[in-house]
Structure formats: C-alpha cells, structure tokens
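Chains as they are written, first to last, in the numbering used here: chain A, 27 to 72; chain B, 136 to 606; chain C, 135 to 425.
For the record, the hints were derived by calculation from the structure and aren't laboratory data. The reader is advised that the hints may include incorrect statements.
[Stated by the list, open to error] The calculated EDC-like cross-link candidates involving lysine to aspartate or glutamate, where the alpha carbons are at most 16 Å apart (straight line), are:
1) Lys217/B - Asp59/A
2) Lys317/C - Asp248/C
3) Lys138/C - Glu286/B
4) Lys590/B - Glu504/B
5) Lys359/B - Asp70/A
6) Lys284/B - Asp70/A
7) Lys138/C - Glu62/A
8) Lys264/C - Glu504/B
9) Lys218/C - Glu169/C
10) Lys218/C - Asp397/B
11) Lys138/C - Glu285/B
12) Lys439/B - Asp512/B
13) Lys439/B - Asp397/B
14) Lys139/C - Asp175/B
15) Lys218/C - Asp171/C
16) Lys217/B - Glu285/B
17) Lys305/C - Asp321/C
18) Lys58/A - Asp309/C
19) Lys218/C - Asp321/C
20) Lys300/C - Asp279/C
21) Lys253/C - Asp269/C
22) Lys217/B - Glu286/B
23) Lys139/C - Asp223/B
24) Lys218/C - Glu174/C
25) Lys264/C - Asp175/B
26) Lys253/C - Asp309/C
27) Lys264/C - Glu555/B
28) Lys56/A - Glu137/C
29) Lys591/B - Glu504/B
30) Lys138/C - Asp28/A
31) Lys139/C - Glu60/A
32) Lys284/B - Glu137/C
33) Lys138/C - Asp59/A
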Amino acid sequence: MDLASIVYLGMTFGLLVIFVMIVVRTYSKKRKDEGEIAKYRMLDDD
Amino acid sequence: MENQTYNYAIVRSFVTWSMIWGLVAVLVGVIVSLQMVNPDLNFPPYLTFGRLRPVHTNAGIYGWGIGVIFAAFYYIVQRLCKVPIWSDKLAKFQLWLFNATITASAVTLLLGYTTSKEYHEMEWPIDVMVVILWVAFSINIIMTILKRKEEQMYISLWYMMAAIVGVAILYLVNSAAVPVSFFKSYSAYAGTNDANVQWWFGHNAVAMVLTAPFLGMFYYFLPKTTGVPIFSHRLSITAFWSLIFMYLWTGAHHLLWTPVPDWIQTLAMGFSIMLIAPSWGSVFNGYLSMNGQWHQMRENYLVKFLILGITFYGLQTLQGPMQAIRTFSAFIHYTDWVPAHIHMGTMGWVSMICFASIYYLIPRIYGRELYSIPLADLHFWLTLVGQLIWSISLWIAGVLQAGMWNAMNSDGSLTYTFMETMVEMYPYWWARVLGGVIYMAGLVIFIYNIYMSVKKGEPTAVPTITTEGRA
Amino acid sequence: MWEKKPILLLVLATCAIMVGTIVTMILPFAWVNTEADRIEGVTPYTALQQEGRDIYIRDGCNNCHTQTVRPLVPEVLRYGDYSKSGEFVYDRPFLWGSKRTGPDLARLGGKYPDAWHYKHMESPRSMVPKTNMPDYGWYSNNLLDPQMIQRKMETLGFPYTAEEIKDLEGKNDMDAMVAYLQKLGSDIPWRDAAETTIVGDLVNPYADANQETISGWAPIYADNCAACHGPNMEGEIGPELIGEDYDDEILFTIIYTGITDGGMPSFSNLGTDKVWKLTNYIRTYQAEGSQ
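Based on the provided sequences and hints, a complete structural model is requested.
This is the structure:
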C-alpha cells in the first residue's frame, strides 16, 4: 500500500469515528428528551 | 404580550424588496433566454448576453434569495428567541445597504465592470459593500440569539449561524484581488489556483446561501404550517453537522478533467456522493413530519409549496452527486444539462421555499389574510409546470449535444462539427423560453396576490400585530 | 453543550467548515503553480493581448466559451491538445468557464488567420450563418487607453516596453481582442506535435461519382469552406480556388492536414469520408465556381 492509500484510509476511518461519536451522543437515551424538546418549544411561540 | 415589541417593519421591507429583485431576476432570465435563440436581441454594449447573464444570476441569488433569507430570518429569529431583534437601526441600515448593493451590482455589471468569477462577478468596491452588509446582518442575528429568552435553540438557528460564518469565509477568500483602479482588479490567485479557489467558493455559495438557510426556513415554516412538530430534531442535528462538514470538500467536482490535481478531484467526487446522506436526512425528516398530515397537501396551499420544495431539493441532491462522478461529468459537463440542474435547485427548491415563506409571513406581518387562495394555487401550478418544462427540455438538449460531441466515425474522426451540434439546440432553447414565461406569469400572479392581500385582505382573526415596532 | 451555547456552536461550525477548506483549497497552493508546473515557452501576455483579455472578461465571453480542453479523445480531436496547469500561470483570473454554448477556445490561437477573426467578430453570422453569437463590430469604434493599459501591466508585473505602449495609440478593442485570441493555447508547440499524418495510400473512393451526386455535397463546402474561400470559391480570407488544379491526393492532404503556417486549419476531424467528398466537390467545380 502506498502512502496516499494509507492517508486516505486513515482519514476515512477518523471521519467515521467522529461521525459515530456524534450519532451515539445525539441518540443516547439519556439525551432523548433534551434533544427533541426544541421542536415542541418552537411551536408555542404564537 | 411579549411579541408586541417584535420588529415586523423590517420583515415587511425585506419581503417587498426581495420580490422586486426576484421579478428583475426572472425578467432578465427570460430576456437572456430569448437572446440565446435570436442574437439580434443583443443590444451592445450594455445589453448583451455576456453582460446580462451575471445580472440574472446575481439578482436571483443575492437580490431574491438573500432578500428572502433576510426577511424570513428577521422574523424567525425573533419568534424562536422570543425577543425583538437586537438593533432596529442596524437592521434598517442593512436594508438600505442591501438595496444599494444590489442596484450598484446591476449597474456596474451592465457597464462591464466584472471579475468574471461566477456568482462573484462584482468588482472590489461592491465586495466591500457586501462584507459590511453581511457583518451587519450577522451581528444582529447573533446578538439576538445571545439575548434570547427561550433557552432552546431550534435547528433553524443552527443552519443560519453556520451560513453566517460560511458565507463570510467564502466571500472574503474569493474576493482577494489587487485593484488597478476603482473599477478593475486582478485576482490574487492565478490559473489553476484561481480555478480551485473559485469553485470552492462557487459550490459552497450553493451550500451556504441556497441550502443551509433554506433548510432552516423549511424546518421552521413546515411545522408552523402543519401545526405538528418535525419528525426528529436529533436527525436534523446529525444531518446538520454532516452537511456543513462535507460540503466544503466538493468544490472541485466543477473542475473534473481540468488541470486541477487529480486527488482534489477524487476527494470532491467522493464527498459529493457522501453528501446524499445528510441531504436526504433532511428530505426524510420533512416527509416523515407529514405522517398523518398528508391530507394537508390537498387542503393547505402552503404545504404544497413546502413539500414540492423539499422534493426538488431531494432530486437536486441526487442529480448533483451523479454529475460529480468523473465518467458522467465527462459526458454531460459544459452542455445545457448543467443549467437545467441549477434551475431545478433555484426555481424548484429555493423559490418554492421563498414563496411559502412569504405566503406564511403576510398574515403575520400585515395582519391581513391572503387575498386569494385560488390564485396561490394557480401560482403553484405555473411554478411547477414552468420549472419542469425548463429543466426537462434542457436535460434532453444536454444529452443530445453530449452524444453528438462524442460521436465518432469508424475512421476515428468526429461525426459532427460544433455547429452541427449547436443548431440542434434551438428547439430546446425555445422550450426554455416557454418554461421561463410560464414561470414568470406565476411570479406576477404571486406578486399581485401579495399586493392585494396587503391592500384588501381580510383582517386576521387574532391580531398578531401592533403599532409598536413599525417604522 | 453546544445545543444551548451559540458562541460554541459558531466556533464548532467554523471548525467543521475549515477542515475541508484547508485540505482541498489551502493545501493545494503547495503543489499548484510551483516550479514543477512550469512549462518552457509559456510567456506573460503582451500589453495588447492583456487588454484583449480584459475585454473578453468585460463582455462576459466566458459565459459561453470555455478555455480548457479535457484529456478525452473526442475533445482532443475537436479542439487540440489537452490543457496543462503550467499554461495558465499568468491568468488572473482563470477563464476556464463552465458552459460551451460556443466552442472551447483554449487552443484557438493560430488556428485561423487574423482576417478570419476580424470578419467573424464583426459579424459571426456572415461566416457561420446559424450561430447565435452576437455581433461585436462595435469593438472597432472603441479606442484603447494606453496609460490605463500600462498601469495594468505594472499591477500584473508583466514585462513591457515604452514602445509597446506607444504602439497602442490608435488601436481599438478589436485589435486587442484578436491579439488575445491568437495567443490562446499557442505557447506550447502542440500544433506541430499533433500534426495529422496520413497512413497508407490515398485512393479517391468517389472517383466514379457522377455530377449529380457530387453537387449534393455542396452543404459540406458551404458549412466548412465558404467563410474563407467564398461561397463560389472566389476567395476572400483564403485564396481563390477557381483555376487551381491540384490532383486528388494533394487536395485531400491540404484539407485533411491543413497548412499550419499558412492559416489553413486542419479538417481531419471531419473524417476521411467528408474530406474526400470535399476534394471531389472542389475539383469538379473549381473550373467555374460552385453554383
């Protein structure tokens, strides 16, 4: 494997890890209510 | 009631001016489409295709698109933050500067003062005006959010904030130039570097002007119209981070097969494909928000505009990545397929959301109901039909011309000369004129309907407006 | 966390935006337009050429014409050698464009004689009847501003002489435009390298064609030759063809390969069949002119 492939692969893997972290954090049970409250609150302003 | 101090005057002004610039953009669009079929309609030096086309694109993107963004977000940010905008004076200044900038752009472009960079043609003094304009808007929005009384920040605010920094970075970097005089400058970058910077700007202007704020508007106006919350706020957040991260890698898909280094092209191609995910995250979020509410498509004209808008967004974000694939780009790039693609985004997605936003705002900022719902329905159908004729005819034209450009004889020579391929385009260019005229008819009806609503609309049942905050 | 903190959200959004920006927009400056990109023979524009380029920008020619040939077979056949990064190092801004309503112009320089361009810019439809390109005859009425052009050369840091600036007196937009168009893509000697070679014996496949068949090929002449050699072969930009008497092989070769230094473009991209038809058509009618 040449250097370019290693860089590409490493980058892909790094991005995947960050993405999984965001998804896990956003969708954790603990944060369910916290994550969804804004969409109800925005309806009350009238 | 706290909303008594909301500043709706500024929203009203931006709505009015954006509609005026929208009409200018479409009218000039129809004129240049006629110049394409009949060169005698060029009136040199000022009214030639080469000078009018940038007027069309810039009036559309900056006058109409950004005008509606200013209107919608001055409304949205006050409602979501439950506080009036931070500075009425700054907003007023911004309104005047906005109109001065768009006017100056149109005049200087016709006079031939241009950098030639697509969607960034204006010369450096106007760049300075744009920067001041954007800073004024950014400060007002950010300060309002900082002083908000509602703790939660709804996704619409996220998209607007990302667009605020995104536009600032893009515009400043691509503006860099060395002035020769007040009306002429040379790019700070040369050749291949200049191309790469320009399309990093060009494609991300689509992201930060024609995508992020409009997703924010869609996420706000859809639940407000249907009365039910969006399907998932967390999905919108996941899509948000993915979208603003990935878009910036994709500019070079406009430069496939050019001397720009291959690895940049490859990255652009890969990230363009990946962008389907966050784009369709928003599309699904919109569709799933309609669960149990699909009957509103029939009953509520606003829902039609919003759902057709997000549908065009979904189609646009599938077609775009296809075009970003090297082999497909080799075939289709530089043909009329490309304007067909762009116009599905601008006439379909962006303008549908603009129309819905203005229809939604009118009763709330003027205290008067819409003058005529049948006219709004007619406007919807003219918009849809005009758009479809426009894009479909030029997709066919693009495939036809690409096929002719690539056709080869058995002895390895080309089958057609360039002119033989060009003359085949005329019928499709006429179809485009037709599509544009139908679309413009819809726009005129829309403006008439809005005007009549303001003049003669029934007062809204619950007054949502007070005299305070009027300018 | 950032869900309720707008400043933090702004900072994080900026970071997200900057990653792709740094990798695909800022880093490439390390590799592009460096010494490795340099191509011998690529020179800055002269004062007249640069002014032509600025007129090209002023009138938005880039809205309809591209200036980059992609490394694809039909494209190289149609326009010439594919574009290289080093050819554009003096281009501020780049003018690659995004739409080919008209043909690509990256390799236009040297394809036609100056006279062709003057006539074509004046009235494109007089030479290419069905084109939708507007007339630019008004260029001839616009005198250049030598002082301004000198300032532009200073700003760009391009070499120029006082004499060169003085020569701009009395010249107009048209002269500048033609000078620019003739420079396009001609800094590398691709035309010599790409010269068409004919392999094998030349045999006229239509040697036995009758008069009627041959007269049916008139449109090929009208579309490709008449603009320069006149609708009746009486000559204009190119020489008169009436009375010339080349044999089949020589005439075919001239049309097919062109005369690189003589202003006659190669028509090899029409294919051997059409070039043989032209050869027969011209030979049949050159006694009296085509009718």
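Evaluated hints:
1. A hinted pair counts as satisfied when its Cα atoms are at most 16 Å apart, and Lys217/B with Asp59/A does not qualify at roughly 21 Å.
2. Restraint check: the Cα-Cα separation between Lys317/C and Asp248/C comes to about 11 Å, which is no more than 16 Å; the hinted pair holds.
3. At most 16 Å may separate the alpha-carbon atoms for a hinted pair to count; Lys138/C and Glu286/B meet this at roughly 7 Å.
4. Between Lys590/B and Glu504/B the alpha-carbon distance is near 10 Å, which keeps this suggested pair within the 16 Å criterion.
5. Restraint check for Lys359/B and Asp70/A: the C-alpha separation of about 10 Å stays at or below 16 Å, so the hint holds.
6. Between Lys284/B and Asp70/A, the direct Cα distance comes to roughly 13 Å. Compliance with the 16 Å bound is thereby established for this hinted pair.
7. Restraint check: the Cα-Cα separation between Lys138/C and Glu62/A comes to about 13 Å, which is no more than 16 Å; the hinted pair holds.
8. Between Lys264/C and Glu504/B the alpha-carbon distance is near 52 Å, which puts this suggested pair outside the 16 Å criterion.
9. Taking the CA atoms of Lys218/C and Glu169/C, the gap is near 14 Å; set against the 16 Å cutoff, the hint holds.
10. For the hint linking Lys218/C to Asp397/B, the alpha-carbon distance of about 12 Å falls within 16 Å, and the restraint holds.
11. Our distance criterion of 16 Å between C-alpha atoms is met by Lys138/C and Glu285/B, whose separation comes to about 10 Å.
12. Only pairs whose Cα atoms come within 16 Å are accepted, and Lys439/B paired with Asp512/B is accepted, the gap being roughly 9 Å.
13. For the given pair, Lys439/B sits about 43 Å from Asp397/B by alpha-carbon distance, which is inconsistent with the 16 Å threshold.
14. Only pairs whose Cα atoms come within 16 Å are accepted, and Lys139/C paired with Asp175/B is rejected, the gap being roughly 58 Å.
15. Annotation: proposed proximity of Lys218/C to Asp171/C holds, straight-line Cα distance about 9 Å (limit 16 Å).
16. With a C-alpha separation of about 6 Å, the suggested pair Lys217/B and Glu285/B falls inside the 16 Å cut-off, and the hint holds.
17. For the given pair, Lys305/C sits about 24 Å from Asp321/C by alpha-carbon distance, which is inconsistent with the 16 Å threshold.
18. At roughly 71 Å between alpha-carbon atoms, Lys58/A and Asp309/C are farther apart than 16 Å, so this suggested pair is violated.
19. With a C-alpha separation of about 11 Å, the suggested pair Lys218/C and Asp321/C falls inside the 16 Å cut-off, and the hint holds.
20. Simply put, Lys300/C and Asp279/C have alpha-carbon atoms about 10 Å apart, close enough for the 16 Å limit, and the pair holds.
21. A hinted pair counts as satisfied when its Cα atoms are at most 16 Å apart, and Lys253/C with Asp269/C qualifies at roughly 10 Å.
22. Of the pairs offered as hints, the one joining Lys217/B and Glu286/B holds, with about 10 Å between alpha carbons and a cut-off of 16 Å not exceeded.
23. A C-alpha spacing of about 24 Å is found between Lys139/C and Asp223/B, which places the hinted pair above 16 Å, so the restraint is violated.
24. At most 16 Å may separate the alpha-carbon atoms for a hinted pair to count; Lys218/C and Glu174/C meet this at roughly 12 Å.
25. Restraint check for Lys264/C and Asp175/B: satisfied, since their Cα atoms lie roughly 12 Å apart, inside the 16 Å limit.
26. Taking the CA atoms of Lys253/C and Asp309/C, the gap is near 12 Å; set against the 16 Å cutoff, the hint holds.
27. Proximity of Lys264/C to Glu555/B is assessed by CA-CA distance (about 9 Å); at most 16 Å being required, the pair is judged to hold.
28. In summary, the hint linking Lys56/A to Glu137/C is supported, as the alpha carbons are separated by about 15 Å, within the 16 Å threshold.
29. In summary, the hint linking Lys591/B to Glu504/B is supported, as the alpha carbons are separated by about 9 Å, within the 16 Å threshold.
30. For a cut-off of 16 Å, the pair hint linking Lys138/C to Asp28/A is broken: about 44 Å separates their Cα positions.
31. Our distance criterion of 16 Å between C-alpha atoms is met by Lys139/C and Glu60/A, whose separation comes to about 14 Å.
32. For a cut-off of 16 Å, the pair hint linking Lys284/B to Glu137/C stands: about 15 Å separates their Cα positions.
33. A threshold of 16 Å between alpha carbons decides the hint, and for Lys138/C with Asp59/A the separation of about 14 Å falls inside it, so the pair holds.
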